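J.: Chains C and V supply the protein sequences, listed in that same order. Residue 391 in the numbering used here sits at position 389 of the first sequence; the count goes up by one each step and never skips. Residue 211 in the numbering used here sits at position 195 of the second sequence; the count goes up by one each step and never skips.
For the record, the hints were derived by calculation from the structure and aren't laboratory data. Incorrect hints may appear among the rest.
Within a straight-line C-alpha distance of at most 27 Å, the following computed DSS-like cross-link-like pairs (lysine-lysine) qualify [stated by the list, open to error]:
{"id": "1", "chain 1": "C", "residue 1": "434", "chain 2": "C", "residue 2": "408"}
{"id": "2", "chain 1": "C", "residue 1": "63", "chain 2": "C", "residue 2": "50"}
{"id": "3", "chain 1": "V", "residue 1": "146", "chain 2": "V", "residue 2": "175"}
{"id": "4", "chain 1": "C", "residue 1": "463", "chain 2": "V", "residue 2": "175"}
{"id": "5", "chain 1": "V", "residue 1": "138", "chain 2": "C", "residue 2": "449"}
{"id": "6", "chain 1": "C", "residue 1": "449", "chain 2": "V", "residue 2": "189"}
{"id": "7", "chain 1": "V", "residue 1": "175", "chain 2": "C", "residue 2": "434"}
{"id": "8", "chain 1": "V", "residue 1": "163", "chain 2": "C", "residue 2": "434"}
{"id": "9", "chain 1": "C", "residue 1": "176", "chain 2": "C", "residue 2": "63"}
{"id": "10", "chain 1": "C", "residue 1": "175", "chain 2": "C", "residue 2": "238"}
As the structure is a prediction and not an experimental result, all values here were calculated from the model.
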Amino acid sequence: MAAPKVISRTSTQEELASDYKWGFVTEIEADVPPKGLNEDVVRLISAKKGEPEWMTEWRLKAYRYWTSEEYREPRWSKVSFPPIDYQDIHYYSAPVKKEKGPESLDEVDPELVAAFNKLGIPLAEQKALTGVAVDAVFDSVSVATTYQKQLEDLGIIFGPISEAIQKHPELVKKYLGSVVPYSDNFYATLNSAVFSDGTFAYVPPGVRCPVELMTYFRMNSEGTGQFERTLIIADKGSYVSYLEGCTAPMRKTTQLHAAVVELIALDDAEIKYSTLQNWYPGDKDGKGGVYNFVTKRGKAAGKNSKISWTQVETGSAITWKYPSCILQGDNSVGEFYSVALCNNHQQADTGTKMIHMGKNTRSTIIAKGISAGEGQNTYRGLVKIMPTATNARNFTRCDSLLIGSKCGAHTVPYIEVRNPTAHMEHEATTSKVSDDQLFYLMQRGIKEEDAQYMIINGFCKGVFAELPFEFAMEASQLLKVSLEGTVG
Amino acid sequence: MTSNNSRPLLEVRDLHVSVGDNEILDGMNLSVGLGEVHAIMGPNGSGKSTFTNVVAGRPGYTIDRGDVLYEGESILGMFPDERARKGIFLAMQYPVELPGIRNREFLRTALEALREARGEVKLSVREFNKMLEEKAKAMDFDPDLMKRNVNEGFSGGEKKRNEILQLSVLDPKLALLDETDSGLDIDALKIVANGVNAFRGPDKAIVLVTHYQRILNFIKPDYVHVLIEGRIVRSGASDLAHELEAQGYEWLREPAEEAETVGATGRPS
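The task is simple: from the sequences and hints, build the whole structure.
T.: In structure tokens form, the structure reads like this:
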């Protein structure tokens with residue numbers, strides 16, 4: 003099946019006046035197969051990647067499961083959207099490579115380098131973010147990875163998952179689908195069938211990764227779904243901090259993003275995973291935007307292991323995600339720190355699952371929801387203590403902040419305890435930015451908009467403190483931009 | 017005692033203010049010049065706090081009649097932050113807690129906003145910290161409170177002291193002190209009074225609202241006014257406060273006609 007080459011459509015920014023400053027479109031030749039999904043498309047994606055037979059088979063198994071009669075999107079979340087026509091989506095889009103793939107950055111298409119520069123993610127190493135190794139994913143493929151050589155010297159593998167399938171099949175085979183099986187849920191199954199790229203990281207025993215690993219996801223082509231797959235393995239006694247950032251152009255139509263992230267921490271290992279999600283949220287009337295339907299789960303498999311999720315979700319028309327921890331190893335620790343913002347017509351149903359299996363397992367959940375405009379923000383979380391989890395502890399705190407009178411905040415905690423030694427704490431608050439607080443700040447000379455922003459930033463402080471420093475600054479800036487115009 | 021012949025810093029003219037259906041201020045007049053300290057005394061519910069809040073611009077009050085002039089200009093149409101940048105400061109009776117906002121950052125942000133408005137250069141972080149340290153020390157203010165969130169978990173006394181520290185750091189022209197003395201023990205009261213006295217000067221003015229004469233032993237006012245039922249019924253020099261201490265307010269509850277003649281300018285004749 004021959005894949006037609008198309009040029010991605012011209013920018014529609016004039017039509018879509020908006021403050022979303024990441025909304026530009028890059029004119030780049032893309033390799034896009036026709037819309038729609040069938041076994042041939044799955045085979046085509048696999049073939050494009052030159053994948054081994056086992057990988058193709060795994061994808062097909064997922065595809066067949068996905069097409070089974072009763073299998074549908076989950077309906078239990080508090081979000082609403084028109085039915086998605088899965089045959090009206092491109093399942094693969096790659097910037098066309100000149101001849102063969104880029105061996106070094108000099109060979110990466112300058113248009114792409116420029117696009118990432120514009121996003122504040124310089125790919126040239128001399129300009130690269132200090133202390134951060136970046137894997138840049140454009141539509142469906144990874145276009146550049148910085149610092150790769152330095153990491154290799156430590157035995158750290160960091161790069162596109164498509165490359166890992168070729169070079170490290172034993173690791174991929176062992177861990178892919180081990181935390182999020184292909185049959186997990188509708189979107190995860192779809193991802194398993196059609197994922198085209200994403201990031202793979204492996205940190206060998208005893209190694210403390212000296213830099214932050216970062217993937218920057220960029221959706222560009224119109225009518226394209228993005229289905230990246232991330233797999234991170236921290237071997238015994240290792241540590242890694244990973245960050246992902248995401249943006250997309252402004253489009254009138256909605257774009258589907260169904261990613262899967264799997265983390266595995268072995269004995270005494272720690273993975274810290276941070277997300278700044280700033281996909282295009284749609285315009286002020288709720289037109290366009292990204293549907294962010296993502297499955298993220300980590301397994302604290304080894305004893306004394308730790309998995310920590312921090313997310314700042316300011317973008318997307320709809321966010322549906324529950325970064326979770328399976329606390330299997332004894333004394334393992336799970337953390338979830340979240341700020342979710344819904345402005346205009348954004349909807350978010352997000353939270354976490356903490357599944358306690360090992361003894362003395364501990365989990366902490368701090369979720370901050372901000373609703374403005376007509377935004378609807380739901381925290382949904384499950385804390386489950388299995389019979390084997392003696393002396394498990396959980397602390398949950400959910401705070402909601404409302405700005406204006408047309409938005410909503412909802413908290414849906416599920417608690418299942420099957421071991422009488424468990425300690426559970428749950429706190430929840432809902433507040434409005436109080437007039438007294440605003441007056442106090444303004445009386446000291448601070449402008450209303452700054453005062454409001456200070457209060458909101460203060461509300462999120464506990465979560466921002468969990469982010470790596472540079473990203474905490476960025477997160478706070480992102481929040482400010484996302485809330486512009488909500489004052490008054 | 018300073019007598020200032022130029023126009024007053026603050027001039028309140030026939031001010032009528034209500035909250036909902038309740039009329040709180042009923043034709044208040046007051047004139048405050050630079051270099052002066054005025055004490056406004058009165059029983060509960062007489063409108064003392066309403067007066068300071070209206071001057072500072074707190075929302076929720078309806079101005080039915082009258083005007084408030086600051087440096088000769090009506091400020092009633094200005095937002096609270098604009099008034100603050102012109103030099104009006106209100107030490108609040110109930111300072112709010114600001115979760116997640118550190119006291120130091122808060123003070124620095126506020127000072128930057130004010131200095132920008134005054135056309136002054138930005139202080140470096142080091143300069144600011146040094147200045148803050150000195151001011152805090154002078155007020156015997158626990159430096160740990162600088163790292164904490166604004167007023168969060170502060171004792172009543174610490175909150176009031178924090179207000180006066182802000183006064184000292186932000187250095188406005190007009191300080192309105194709303195019952196800053198309430199809830200303070202004698203040691204804390206002395207510290208707060210020292211802070212206010214240090215602020216006092218020929219290019220400053222203070223309006224101090226209080227229930228009790230006690231604080232006036234430490235901050236000696238130039239003028240004392242008695243506010244009852246939304247009007248100033250008596251003005252005098254500082255010895256008026258002692259009279260009130262001895263006799264209470266009841267003897268001043270006189271027919272409105274008489275009160276008006278005394279309170280017309282808010283200044284002793």
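J.: For a quick check of understanding: which of the numbered hints are violated here, in increasing order?
T.: none
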